[in-house]
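Asks: Just need the whole structure built from these sequences, with the hints factored in.
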Amino acid sequence: FILGAVALAVWGFARWRKTCSYGRLRLDGLILRIPGWGGFMKDVELGRLTRTLATLLASGIVIDQALRSAQELLENQTLKQEFHRIVDHVVDGLSLTQALTNNRYFSESVRCVIAVSEASGQLARGLSRLADSYQREADNLSKTMLALLEPLMILVVGFFVGLIVLALVLPIFQMNLLMK
Numbered sequence: 029f030i031l032g033a034v035a036l037a038v039w040g041f042a043r044w045r046k047t048c049s050y051g052r053l054r055l056d057g058l059i060l061r062i063p064g065w066g067g068f069m070k071d072v073e074l075g076r077l078t079r080t081l082a083t084l085l086a087s088g089i090v091i092d093q094a095l096r097s098a099q100e101l102l103e104n105q106t107l108k109q110e111f112h113r114i115v116d117h118v119v120d121g122l123s124l125t126q127a128l129t130n131n132r133y134f135s136e137s138v139r140c141v142i143a144v145s146e147a148s149g150q151l152a153r154g155l156s157r158l159a160d161s162y163q164r165e166a167d168n169l170s171k172t173m174l175a176l177l178e179p180l181m182i183l184v185v186g187f188f189v190g191l192i193v194l195a196l197v198l199p200i201f202q203m204n205l206l207m208k
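Under this note's numbering, the letters of the sequence shown match residues 29 to 208, in that order.
Hints listed in this document are in silico derivations from the structure and should not be mistaken for laboratory results. Heads up, a few of these hints could be off.
What the hints assert, rightly or not - Okay, the calculated beta carbon distance ranges per label pair:
id: 1; residue 1: 190; residue 2: 83; range: 48 to 54 Å
id: 2; residue 1: 207; residue 2: 43; range: 53 to 59 Å
id: 3; residue 1: 100; residue 2: 123; range: 21 to 27 Å
id: 4; residue 1: 131; residue 2: 97; range: 15 to 21 Å
As the list claims (entries may be wrong) - The list that follows gives simulated cross-link-like pairs (lysine to aspartate or glutamate, DMTMM-like), each with its CA atoms no further than 20 Å apart:
id: 5; residue 1: 171; residue 2: 160
id: 6; residue 1: 108; residue 2: 120
id: 7; residue 1: 171; residue 2: 71
id: 8; residue 1: 108; residue 2: 71
id: 9; residue 1: 171; residue 2: 146
We treat Cβ as the ideally placed atom computed from N, Cα and C, and that holds for glycine.
Replies: Here is the structure:
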């Protein structure tokens with residue numbers, strides 16, 4: 029009964045997240061604030077975004093079209109909404125560096141790399157290097173999280189093995205008490 033209720037709650041939550049744009053926006057914002065996991069999700073999303081932008085710009089696509097196309101790849105609605113503001117600023121005539129000025133998801137070092145790349149006319153190369161950096165950071169975070177999860181998994185497996193042993197041994201002890 030409890031397993032069915034949990035399954036129904038998970039299904040309902042997933043359906044709510046998928047159909048309700050406000051719910052998805054709130055949940056995605058919450059995910060980005062979770063220590064460790066939020067940074068990992070941000071690095072994965074921004075790595076994919078910068079890699080796509082670098083590829084599109086290197087192939088000769090105009091920056092506003094490249095930004096719009098890359099924006100569609102973002103799965104996190106909070107990042108997508110924030111990037112939509114950036115795209116609007118670039119379409120209105122600001123440079124990418126100026127559009128990123130007050131953005132909390134792009135660090136100061138990322139803004140500096142983009143500024144230098146934009147000034148030198150090598151934006152695609154700079155974005156490609158940023159994508160490599162985001163990828164390395166995401167790989168490091170995933171290794172760290174997995175290393176932290178290993179002891180927890182051992183404890184969970186040990187708990188279930190203990191329950192099984194207890195379930196097998198307890199009836200034997202009860203039978204022994206009845207025999208006396």
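Asks: If a hint holds in the structure, say so; if it doesn't, say that too.
Replies: Hint check results:
1. Under the hint 48 to 54 Å, the C-beta atoms of residue 190 and residue 83, about 52 Å apart, fit the expected range.
2. Taking the beta carbon of each, residue 207 and residue 43 are about 55 Å apart, inside 53 to 59 Å as hinted.
3. Distance hint check: the CB atoms of residue 100 and residue 123 are about 22 Å apart, consistent with the given range 21 to 27 Å.
4. Range check, residue 131 to residue 97: Cβ separation about 19 Å, and the 15 to 21 Å hint holds.
5. Restraint check for residue 171 and residue 160: satisfied, since their Cα atoms lie roughly 17 Å apart, inside the 20 Å limit.
6. Restraint check: the Cα-Cα separation between residue 108 and residue 120 comes to about 18 Å, which is no more than 20 Å; the hinted pair holds.
7. Of the pairs offered as hints, the one joining residue 171 and residue 71 holds, with about 14 Å between alpha carbons and a cut-off of 20 Å not exceeded.
8. Only pairs whose Cα atoms come within 20 Å are accepted, and residue 108 paired with residue 71 is accepted, the gap being roughly 14 Å.
9. Distance check on the hinted pair: residue 171 and residue 146 sit about 33 Å apart at the alpha-carbon level, beyond 20 Å; violated.
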